[in-house]
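Listed below, chain by chain, are the residues.
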Amino acid sequence: MSTPVSLEGLKKELPAKLRQVGWGLLVVGIAAIALGYVIDPRRMAFDNAIGYLFFTSVAVGSVFLIALEYIAGAVWSTPMRRVNEFLGSLVLLLPLIALPLFFHLHDLFHWTHEEALAADKVLVAKSPYLNVSFFLIRFAVMYLLWSLFYVLFTRNSTKQDTTKDPRLTTINVRLAAFFLPVFAISLTLTAVDWAMSLEPHWASTIFGVYYFAGTVLASISAATVVIIYFHENGYLPKLQRDSFYSLGALLFAFINFWAYIAFSQFLLIWYANLPDETIWFITRWKNGWEVVSILLIIVHFVVPYVALLTQDSKMDLKRLKLVAIWILIAHLLDLYWLVMPSYSEKVSLSWTDLAFPVFIVGLAIVVMAYKMKRNNVIAIGDPKLERGLSFRL
Amino acid sequence: MSTAALDYTRELPVVEGSPTAAEVDATIAAPLDQFPSRMWWIIFSIALSFFSIGVFCIGMTLYKGLGLWGVNQPVSWGFDIVNFVFWVGIGHAGTLISAILFLLRQRWRTGIARFAEAMTIFAVMCAGLFPLLHTGREWLPMYLSPYPNQHGLWVNFTSPLLWDVFAVSTYFTVSLVFWYVGLIPDLATLRDRTTNKIKKVIYSLFSLGWRHSNRHWQHYERAYLILAGFATPLVLSVHTIVSFDFAVSVIPGWHTTIFPPYFVAGAVFSGFAMVQNVLIFVRQAFNLKHIITLDHLEKMNKVMILTGSMVGYAYAMEMFIAWYGGNQFERFVFLNRALGPYAWAYWTMVSCNVIFPQLFWFKKIRRSIPAMFIIGITVNIGMWFERFVIIVTSLSRDFLPSSWGHYTPTFYDVGILLGSFGLFFTLILIFVRVLPVVSISELKAVIEGGQPSKH
Chain L
1 MSTPVSLEGL KKELPAKLRQ VGWGLLVVGI AAIALGYVID PRRMAFDNAI GYLFFTSVAV
61 GSVFLIALEY IAGAVWSTPM RRVNEFLGSL VLLLPLIALP LFFHLHDLFH WTHEEALAAD
121 KVLVAKSPYL NVSFFLIRFA VMYLLWSLFY VLFTRNSTKQ DTTKDPRLTT INVRLAAFFL
181 PVFAISLTLT AVDWAMSLEP HWASTIFGVY YFAGTVLASI SAATVVIIYF HENGYLPKLQ
241 RDSFYSLGAL LFAFINFWAY IAFSQFLLIW YANLPDETIW FITRWKNGWE VVSILLIIVH
301 FVVPYVALLT QDSKMDLKRL KLVAIWILIA HLLDLYWLVM PSYSEKVSLS WTDLAFPVFI
361 VGLAIVVMAY KMKRNNVIAI GDPKLERGLS FRL
Chain B
1001 MSTAALDYTR ELPVVEGSPT AAEVDATIAA PLDQFPSRMW WIIFSIALSF FSIGVFCIGM
1061 TLYKGLGLWG VNQPVSWGFD IVNFVFWVGI GHAGTLISAI LFLLRQRWRT GIARFAEAMT
1121 IFAVMCAGLF PLLHTGREWL PMYLSPYPNQ HGLWVNFTSP LLWDVFAVST YFTVSLVFWY
1181 VGLIPDLATL RDRTTNKIKK VIYSLFSLGW RHSNRHWQHY ERAYLILAGF ATPLVLSVHT
1241 IVSFDFAVSV IPGWHTTIFP PYFVAGAVFS GFAMVQNVLI FVRQAFNLKH IITLDHLEKM
1301 NKVMILTGSM VGYAYAMEMF IAWYGGNQFE RFVFLNRALG PYAWAYWTMV SCNVIFPQLF
1361 WFKKIRRSIP AMFIIGITVN IGMWFERFVI IVTSLSRDFL PSSWGHYTPT FYDVGILLGS
1421 FGLFFTLILI FVRVLPVVSI SELKAVIEGG QPSKH
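Sequences listed follow chains L and B, in order. Per this note's numbering, the very first residue in the first sequence carries number 1; after that it's consecutive. Per this note's numbering, the very first residue in the second sequence carries number 1001; after that it's consecutive.
These are computed hints drawn from the structure, not numbers from a lab. The C-beta atom is built at its ideal place from N, Cα and C for all residues, glycine as well. Careful: at least some of the hints might be erroneous.
Cut-off 20 Å, straight-line C-alpha distance, at most; resulting in silico cross-link-like pairs (SDA-like, lysine to any residue) [unchecked claim]:
no.	chain 1	residue 1	chain 2	residue 2
1	B	Lys-1289	B	Val-1024
2	L	Lys-121	B	Trp-1323
3	L	Lys-321	L	Ile-228
4	L	Lys-321	L	Tyr-305
5	B	Lys-1364	L	Phe-178
6	B	Lys-1302	L	Val-173
7	B	Lys-1364	L	Leu-175
8	B	Lys-1363	L	Phe-178
9	L	Lys-164	B	Tyr-1008
10	B	Lys-1364	L	Val-173
11	L	Lys-346	L	Tyr-336
12	B	Lys-1302	L	Phe-178
13	L	Lys-17	L	Val-27
14	L	Lys-121	B	Phe-1320
15	B	Lys-1197	B	Ser-1207
16	B	Lys-1064	B	Gly-1136
17	L	Lys-164	B	Arg-1010
18	L	Lys-121	B	Phe-1332
Which chain B residues face chain L? A few, computed with CB under 10 Å, are given here [said to hold, decoys possible]:
no.	residue
19	Glu-1011
20	Thr-1240
21	Pro-1260
22	Leu-1306
23	Trp-1323
24	Gly-1326
25	Val-1414
Based on the provided sequences and hints, a complete structural model is requested.
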């Protein structure tokens, strides 16, 4: 039963070429962001908000996936957990992407305008929550909590590589129990702060759940892309198709969950037909936005649904990788659809919309390379590892 | 707390000990072969007495009319709808366990799936009673279905109440088929081992000629998987549509977008509490402690803490958005729930649904039978009150203070509620005497030696 897992013959460092591409994208991204802020700061601020939400989805979502494995006692994902840990380290870099925004809150949020507040009783009533200082405090607290949990999870996991102490798993299970409520509340507030409050008169109770669905999809997709790359290029020991089935099944489940939540929100608002609420969908159904709305349904639901429906497709690595990249783009489109209608009533595309995605992909590659140099790609000390490696459905 | 090392390198056994296939047959079929015990008769007569109270109250309602109930203007939805939503909710655990946990390949479902499915069917039967009575014209149920007629009368397709008719009846049908398909191999086993001639005929009829052949199993597995695939979205859709009954309206406290997932989570929550409660007795009475193990009960308690916390999240979100949204009617409704005339019901709901289940974070409580039993009961009390709070507080005080009212249930309301519990337990008690409460064939696949050791 207990043949020690050997890392022999497994690669450990990303190829130089890929690292160069990462650095290249990072530099191009930074240049594009800087240029964008010079040319059109208001547009760039909205792009930045999309970038922030996307980055949070992948980073905080990855920490959530770590916690999920521990608390659910999952074994199939143990050989792949380091990928979540590497992607989770992006959490520490969150202020990097939020910082430029703090100088442009006025461009982004109507509720920061003094003159608007003076003329609007509803905004005044909300001002105990929607004000700049509390907004910044919320950001700081959430950032510290996410980072704290990330550091604790990964420190225990790394320590286990050498000590092989199963008690570290128990500690992480307990940490995960504390993390889940923190995650639920903080992710909801992130959605309210950075997306819902763009239209401060509008509110929907399901909004946090909607963003959560996207977060889980984005973080699993990001992990799937990396895991399959690792598997195909000899960074991970040989895994059975069964191990990948769960990734495909999770993606499929959350594709449906996202659609369910999106549809519930739409149907209830459409049916009740209250002008305060319908305005949000009406702005997304004119001036070209209706095209984006329909595209969203196709890109975010129909295509991945069909692509992952059968049992075999959930284990087909080639297809899984493509679908995962597709879903990442779909999540970006989803965020664009959430945020951009507050920027302009007419649908508009600009090259600056690509600045943040390019920057984030570059940053992710650079961070991965850095983490891989310093850590094992597999959690070799984890007591569940062997069961994970021999996992069968 | 100590951090004693748990063994993470092994999977927990689904069945404790290592019973042979023959022992599995004997254990599970034992209650069907014996004359019921005195205890069974006592409990059965209690359940039957409650049921007869219900029958009396329903009879009086049919004879005299809905005036016997506490419903009034503005609270025109009272106990009837509260009970309907409550029972439909209870019915959610069964198909969740049998279909969703099947798709998720959770093998621990084996011990509890059959029982939970039966419970689903009985709970949906109880639920179906209430909308029918609520219509006040029980003899005209055909108007609930769209059929061409001379009057040119059609149902209102845009009403979620009609969607409910479709959703609940589809759910009942699929659950019944799913349950029956799972029963076929077991009925064949019972047919093969019984010596009673009458039983032999009945089992033979219902086992549809099953011979345990390889070809039968292949078709069976395929059918079961497809049914599970159908049942999964169906489970979620039923309580989603029940939530639409409220959420598509413009009544403050009802119209809120989080209702669908929140109702589904609550339904699973109460359903698991009920399954856990009843299974505690079943495993004791029929010597099934090694099949329905403490580990299984602990896992169910974990599901309860998860779904209970989701419900708690929804309560918090409703409160927050009621304030954040800035609509004065919404704000009032939530203040009124927490501080108004029904505050006692609101705080019962919050403490039973959100606070007490948090005790399940402690392993000791999760694995203590008396503790989990009490918490399970409070969950069901809490979930019943949740529906009461939603329906009654919102209706009794809506937009115009001049049309505010108050709701007090009558003897007949309470009687029909007790009657539905009587019906539910009567059916369960009959079920445990006539059909195997655990799937024999599935259990044989998870006992030691049941799986291929290498492949």
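Status of each hint after checking the structure:
For the suggested pair Lys-1289 of chain B and Val-1024 of chain B, the alpha carbons sit about 12 Å apart, so the restraint of at most 20 Å is met. Between Lys-121 of chain L and Trp-1323 of chain B the alpha-carbon distance is near 14 Å, which keeps this suggested pair within the 20 Å criterion. Distance restraint check for Lys-321 of chain L and Ile-228 of chain L: the Cα-Cα separation of roughly 7 Å lies within the 20 Å cut-off, and the hinted pair is therefore satisfied. Taking the CA atoms of Lys-321 of chain L and Tyr-305 of chain L, the gap is about 15 Å. The hint holds against a cut of 20 Å.
Between Lys-1364 of chain B and Phe-178 of chain L, the direct Cα distance comes to roughly 18 Å. Compliance with the 20 Å bound is thereby established for this hinted pair. Our distance criterion of 20 Å between C-alpha atoms is met by Lys-1302 of chain B and Val-173 of chain L, whose separation comes to about 13 Å. Taken as a hint, the Lys-1364 of chain B and Leu-175 of chain L pair is honoured in the structure, with Cα atoms around 18 Å apart against an allowance of 20 Å. Restraint check for Lys-1363 of chain B and Phe-178 of chain L: satisfied, since their Cα atoms lie roughly 15 Å apart, inside the 20 Å limit.
Of the pairs offered as hints, the one joining Lys-164 of chain L and Tyr-1008 of chain B holds, with about 12 Å between alpha carbons and a cut-off of 20 Å not exceeded. For the proposed pair Lys-1364 of chain B and Val-173 of chain L, the alpha carbon gap of about 16 Å is at most 20 Å, so the pair holds. Straight-line distance between C-alpha atoms of Lys-346 of chain L and Tyr-336 of chain L comes to about 13 Å, which keeps the hinted pair within the 20 Å bound. For the given pair, Lys-1302 of chain B sits about 15 Å from Phe-178 of chain L by alpha-carbon distance, which is consistent with the 20 Å threshold.
Between the alpha carbons of Lys-17 of chain L and Val-27 of chain L the distance comes to roughly 15 Å, so the proposed pair stays at or under 20 Å and holds. Distance restraint check for Lys-121 of chain L and Phe-1320 of chain B: the Cα-Cα separation of roughly 18 Å lies within the 20 Å cut-off, and the hinted pair is therefore satisfied. Taking the CA atoms of Lys-1197 of chain B and Ser-1207 of chain B, the gap is near 15 Å; set against the 20 Å cutoff, the hint holds. Distance hint between Lys-1064 of chain B and Gly-1136 of chain B is fulfilled; the C-alpha atoms sit about 10 Å from each other, no more than 20 Å.
Restraint check for Lys-164 of chain L and Arg-1010 of chain B: satisfied, since their Cα atoms lie roughly 16 Å apart, inside the 20 Å limit. Proximity of Lys-121 of chain L to Phe-1332 of chain B is assessed by CA-CA distance (about 18 Å); at most 20 Å being required, the pair is judged to hold. With 10 Å as the threshold, the beta carbon of Glu-1011 of chain B comes within range of chain L, its nearest partner Cβ sitting at about 7 Å, so the hint holds. For Thr-1240 of chain B, the interface hint holds, the least distance from its beta-carbon to any beta-carbon of chain L being 7 Å, beneath 10 Å.
Of the supplied interface hints, the one on Pro-1260 of chain B holds, with its beta-carbon coming within about 4 Å of a beta-carbon of chain L, less than 10 Å. Interface restraint check: Leu-1306 of chain B against chain L, minimum CB-CB distance 9 Å, threshold 10 Å, status holds. The beta carbon of Trp-1323 of chain B is positioned within 10 Å of a beta carbon in chain L (closest approach about 8 Å), and the interface hint is therefore held. Interface restraint check: Gly-1326 of chain B against chain L, minimum CB-CB distance 5 Å, threshold 10 Å, status holds.
A distance limit of 10 Å between C-beta atoms decides the matter here; for Val-1414 of chain B the minimum to chain L is near 33 Å, and the interface restraint is violated.
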